[in-house]
Amino acid sequence: MSTSATIATPIVSRAAGFSRADFESFLKSRREPNWLVARRQAAFDTYEQKLSEPLSPEEYKRVDLRAFQPARFAVGAAAPAPAQFETLLEKRAEFGGAVSHLDGHCVVARLDEKLAGRGVLFGSLAELLQTKRDLLEPHLMSRAVRADADRFAAWHAAFCTGGTVLYVPKNVAVEAPLYSLIGLSAAGAADFSHTLVILEDGASATLLEETGSATPANAGLHVGAVELLVGAGANLRYVQLQNWNQQVWHLGHQAGRVARDASLQWTVGGIGARLAHIHQEVTLDGPGASGEVNGVTFATNRQLLSYYTQQTHKAPSTRSDLLYKDVLRDEARVVWRGMIRVDPDAQKTDGYQRNDSLLLSADCRADAIPGLEIEADDVRCTHGATAGRVDAEQIFYCMCRGLSRYEAMHMIVEGFFHGVYDRIAVEAVRETLSHAVKRKLGIDR
Amino acid sequence: MSDFQKVATLDEISAGGRKSVVFDDRAVLVLRIGNDVYAVEDVCSHDGQPLTEGPVVGTAIECPRHGARFDVRNGRPLCMPAVEPIATYEVKIEGNDILLRGR
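Respectively, the protein sequence lines represent chains A and B.
At position 234 of the first sequence the residue is numbered 244 (my numbering), and the sequence of numbers has no breaks.
At position 55 of the second sequence the residue is numbered 298 (my numbering), and the sequence of numbers has no breaks.
Treat the hints with care, as some may be off.
Residues of chain A placed beyond 12 Å of chain B at every Cβ, according to the derived structure [unchecked claim]:
1. S62
2. V117
3. S300
4. E424
A short, non-exhaustive set of chain A residues, derived as facing chain B with CB atoms under 10 Å [stated by the list, open to error]:
5. R72
6. R312
7. D373
I should point out that these hints are in silico values taken from the structure, not numbers from a laboratory.
Only a predicted model underlies this, so the values are computations on that prediction, with no experimental measurement involved.
Beta carbons: idealized from backbone N, C-alpha and C, even for Gly.
Based on the provided sequences and hints, a complete structural model is requested.
And the structure:
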C-alpha cells in the first residue's frame with residue numbers, strides 16, 4: 011500500500027499579507043515611537059518562531075483551521091469610509107463613553123467630561139500609548155496576555171492595530187456603563203484590536219463591547235486580545251458580544267487578572283463568525299478574589315465556535331464560577347475545553363465549571379471537555395457538562411398548549427439560555443443577548 | 244448544485260497517492276486508487292479529526308487514530324467506532340485536471 015501523502019500547506023503560512031516585508035511596510039505606515047516599534051519587532055520574531063512549531067494539540071486539536079487562508083486578509087493603511095452598523099448594544103443603555111474602531115482604525119472616542127475630570131481614561135489605545143505611555147506600558151501585554159503565549163498572541167502583538175483602553179484610578183466608581191465597538195467593513199479587512207482595561211484598587215466599572223460587520227457577506231479577520239487587570243477590592247464587569255457576520259475568522263486571546271478581594275464578572279456571547287477560537291483565562295491572584303464567567307453561544311449553518319477556558323487559582327480563599335451554554339443547529343460545531351487549575355498554596359478554593367449544549371439538528375456537534383488540575387488538598391472543585399437534544403415531551407407539552415412546533419422549539423431555546431441570563435447583572439446585556447438569539451432563530455427582526 | 248471546480252491535476256497525485264485540498268471551504272482529501280480518483284471529506288465522523296494520513300485498503304480509508312473505516316466511493320462507515328458517514332464529492336477528470344462538485 012502506498013501512502014505518498016501531499017500534506018496541506020502550514021496552517022498560517024508566511025504568504026502575502028503577513029510576511030516580514032509586509033510587517034516592515036506596516037511599521038512604516040504607523041510612524042510609532044521606537045519603544046513600540048521594538049516591541050513589535052520582538053513579537054514578529056516570536057511569531058516567526060512560533061509558526062515553525064506546531065500549535066498545542068490540547069487547545070487546537072478540535073479547531074479545524076485547514077480552510078483558513080491568512081493571505082486573503084490585510085491590514086488597511088487608511089481608515090475606511092464610514093459604514094453603517096446595525097449594532098445590538100449601542101442603543102440599549104445610556105453610556106458614559108464610547109469608542110469605536112472600524113477595520114482597525116479608531117473612528118469614535120468619547121468620554122463623559124465628569125469622568126475624565128476624575129482621572130478616568132477611555133479611548134484609543136494607539137493614541138493613548140503615545141500620550142500616556144508611563145501609565146499604560148507596564149500593563150500592556152505583560153501580566154495578562156503575553157506575546158509568547160502562542161502563535162496567535164504573537165501575531166496579534168506584532169500587527170496590533172489599536173483598540174480600546176479603559177483606565178480607572180484608585181477608588182473611582184464609574185457608574186454608567188461604557189461602550190466599545192469593533193467593526194469590520196471592507197472585504198478582506200483585518201483587525202488586530204486590543205482591549206486593555208486597568209482598574210486600580212477599589213475602582214469599579216462596566217464595559218460592554220461588541221463586534222460587528224457592516225455587511226453580511228464581506229469576509230474579515232480578527233486577531234484580538236483582551237486584557238482585564240482588576241486591582242485589589244476593585245469590581246469589573248466586562249462583556250464581549252461577538253456578532254460578526256458568518257464570513258469572519260475570529261482568533262482571540264483574552265485574559266483577566268484579579269487581585270485580592272476584587273471581582274470580575276465576564277460575559278462572552280458567541281453569535282457570529284465563520285470560525286471563532288477564544289482562549290479565555292481568569293487568574294485569581296489574591297485571597298478573596300472572585301471570577302464569574304458566563305458564556306452564551308448560538309451556532310448555526312457551518313459555524314465552528316471554540317472556547318478554551320482556564321480558571322487559575324493562585325491564592326487561598328478564591329472563587330471561580332464558569333457557566334457556558336451553547337445551542338447548535340444545522341451543521342454547526344461548538345467546542346469547549348475548560349480547565350480549573352489550583353496552585354499548591356490556593357487552599358479553600360471554590361471552583362466550578364459547567365457547560366450545557368442543546369442540539370437542534372442531527373448534523374451539529376458539540377465537544378465539551380472539562381478538566382481539573384489540583385495541587386492543593388483542601389478545596390472544593392466541581393465540574394460538569396451536558397449535551398442533549400430537545401426533549402420531545404417538552405415539545406408535545408407546548409403543542410398541547412396551542413403553540414406550533416416552531417414556537418415551542420424557540421421557547422425551549424429561550425428557556426435553556428435563561429439559566430445563564432439570570433447570572434448577568436447588566437439588564438441591557440440580558441436583553442441584548444436574548445434579542446440576538448431570537449433574531450438568529452428568525453422570530454424577532 | 245454548484246459547478247465543478249478544479250482542485251488538482253492528475254500528475255500531482257501518483258497512483259495510490261493523495262492530496263489535501265480545500266473545496267467549498269472544507270478540507271477534502273483527493274485519493275487516486277488505481278485508475279480512479281475519489282474525493283472525501285477529510286474529517287473522521289467519529290472524532291472530528293483529519294483522515295489525511297489514514298491508510299487505504301481497497302476502496303476504504305482507515306482513520307489513523309481509532310481504526311474506523313469508510314468506503315471512499317460513498318462515504319459509508321464500514322466498521323466501529325464510526326457510525327455516521329462522511330461526505331463524498333463527485334469527481335470529473337478533464338484532460339489532466341481533477342474537478343470536484345458537491346453531491
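Need the list of violated hint numbers for this structure, in ascending order.
none
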